[in-house]
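Chains A and B, in that order, give the protein sequences.
For the first sequence, position 71 matches number 71 in full-length UniProt numbering, and the numbering has no gaps at all.
For the second sequence, position 8 matches number 8 in full-length UniProt numbering, and the numbering has no gaps at all.
Keep in mind that the hints are not guaranteed to be accurate.
[Unchecked claim] For each label pair, taking beta carbons as the anchor points, the in silico distance ranges come out as:
id	chain 1	residue 1	chain 2	residue 2	range
1	B	Gly-49	A	Asp-50	32 to 40 Å
2	A	Lys-5	B	Ser-29	35 to 43 Å
3	A	Glu-26	B	Arg-53	16 to 24 Å
4	A	Lys-5	B	Asp-128	39 to 47 Å
5	B	Glu-90	A	Ser-75	32 to 40 Å
6	B	Ser-29	A	Arg-52	16 to 24 Å
7	B	Ser-82	A	Glu-11	50 to 58 Å
8	A	Glu-72	B	Asn-46	55 to 63 Å
9	A	Ala-35	B	Asp-50	26 to 34 Å
[Claimed, not checked] What the simulated footprint calls covered on chain B by chain A, stretch by stretch (three residues with Cβ under 8 Å from a Cβ of chain A suffice, anywhere in the stretch; the number is not a length):
id	segment
10	9 to 20
11	162 to 176
Note that these hints are calculated values from the structure, not bench results.
Since the structure is predicted, the reported quantities are computational estimates derived from the model, not experimental observations.
Here a beta-carbon is modelled for each residue, glycine too, at the ideal position from N, C-alpha and C.
Listed below, chain by chain, are the residues.
Number of protein chains: 2
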Amino acid sequence: MPRTKEFDRDEALRRAVEVFWDRGYEAASTEELLAAMGIGRQSMYNAFGDKRRLYLEALRRYQAETSADMFERLSAAESPLSALAGVLLEVARQSDDERRRSCMAVNAAAEFGRSDQEVAAILDSGSDLCHTAYARLVAQAKRKGEARPDLDEQAAARFLHSTLVGLRLRARAGASPEVLHDIATIAIDGLRAR
Amino acid sequence: MPRTKEFDRDEALRRAVEVFWDRGYEAASTEELLAAMGIGRQSMYNAFGDKRRLYLEALRRYQAETSADMFERLSAAESPLSALAGVLLEVARQSDDERRRSCMAVNAAAEFGRSDQEVAAILDSGSDLCHTAYARLVAQAKRKGEARPDLDEQAAARFLHSTLVGLRLRARAGASPEVLHDIATIAIDGLRAR
DNA sequence: TCCTTATTTGACAGCACAGTCCAAAAACAG
DNA sequence: CTGTTTTTGGACTGTGCTGTCAAATAAGGA
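All chains, full assembly: derive it from the sequences and hints.
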């Protein structure tokens with residue numbers, strides 16, 4: 001029987017996510033990655049293929065985890081609109097302690113645009129998931145009378161998604177939690193029925 | 001007397017902006033830059049110092065030009081709120097023909113975060129300029145009764161800035177003009193007095 | 001104990017990159 | 001035409017990068 005692996009693949013990937021999240025794809029060197037993952041060169045190439053595949057896997061994992069978090073937060077709230085507000089405000093809150101890393105997916109979109117098909121596909125699927133969730137909540141909010149009755153759910157969902165992206169990039173650019181709080185508040189207030 | 005320069009420094013910088021805008025700082029190689037600028041290696045090093053200084057100069061120039069455009073657009077409109085709407089909608093319109101490059105400043109913010117002090121300073125000054133312009137227009141809109149009277153001008157200005165950033169990144173991520181149009185419309189409608 | 005098989009380790013190849021050096025060309029004053 | 005001064009182009013340097021290779025190592029099964 002062969003020698004057994006000495007490292008935990010999942011844990012190593014988790015640490016690779018951190019590095020890519022901080023530094024992006026290009027700026028993250030393999031040596032930096034290996035140091036953070038705590039494994040040797042060849043082990044990484046054996047387990048993940050190459051830097052690019054490691055990145056794709058890291059991006060998929062990041063998206064899966066963060067969207068799971070978000071969906072949990074969306075379903076836990078007492079009302080649809082406050083659930084959406086909660087998600088936006090959470091980003092504003094996180095931006096301080098989370099070392100201003102923004103969101104790995106937002107960074108990926110900025111770094112690659114649509115130049116990389118696989119990256120674009122991963123990001124698109126994540127965006128779609130968010131979009132449907134937002135649209136459903138907006139519809140609920142309308143039914144409950146929380147949101148303006150004339151609101152187009154699809155358009156509002158697109159707006160919310162864009163707002164989150166903007167929030168995260170403003171956070172990366174150094175905006176303070178108060179600034180981000182303002183942004184989130186105005187965005188939600190604009191949807192509210194008055 | 002010395003030999004006279006064979007190239008137009010301004011034109012060369014203009015072309016460097018295009019390359020950095022498309023590809024960012026890291027991904028733009030000097031050879032790519034030189035080819036686009038139409039000059040030799042040594043000429044670039046003589047005229048601009050090095051790649052980093054060229055980038056900083058390109059970023060400053062980009063910001064000066066695009067904000068001049070925006071201010072013109074903001075002052076030309078018939079009403080404050082429609083001026084703001086015009087700016088947002090212009091981004092939505094541009095995103096098609098402009099080869100999905102988003103905005104060089106947004107890309108720079110994503111690429112560098114706050115890791116580069118000089119880049120951050122350039123971006124901050126641009127953001128400040130936008131912010132004051134937006135705040136003034138929101139105040140005007142309130143006075144004219146176009147905007148909600150309870151609106152906080154500073155917060156609304158922050159919101160508008162974040163919305164623009166979001167729009168541009170969504171454009172880079174591949175959002176269609178219709179999607180961007182929706183985002184812009186909902187954002188402005190949220191500020192409007194009803 | 002020895003053999004098979006997979007992982008680890010360290011060294012190394014190949015490449016692309018930013019930046020430098022130097023000789024040749026070009027412009028103009030005298 | 002000559003001398004001075006700057007630009008120019010091409011070759012070159014050194015460095016850092018990703019990815020590979022081969023030998024050493026570990027873990028069981030025969």
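Structure-based check of each hint:
no., hint, verdict
1, B/Gly-49 - A/Asp-50: 32 to 40 Å, "holds, 35 Å"
2, A/Lys-5 - B/Ser-29: 35 to 43 Å, "holds, 38 Å"
3, A/Glu-26 - B/Arg-53: 16 to 24 Å, "holds, 20 Å"
4, A/Lys-5 - B/Asp-128: 39 to 47 Å, "violated, 52 Å"
5, B/Glu-90 - A/Ser-75: 32 to 40 Å, "holds, 38 Å"
6, B/Ser-29 - A/Arg-52: 16 to 24 Å, "holds, 19 Å"
7, B/Ser-82 - A/Glu-11: 50 to 58 Å, "holds, 54 Å"
8, A/Glu-72 - B/Asn-46: 55 to 63 Å, "holds, 58 Å"
9, A/Ala-35 - B/Asp-50: 26 to 34 Å, "holds, 29 Å"
10, 9 to 20, "violated (count 0)"
11, 162 to 176, "holds (count 12)"
Of the numbered hints stated above, those contradicted by the structure are hints 4 and 10, listed in ascending order.
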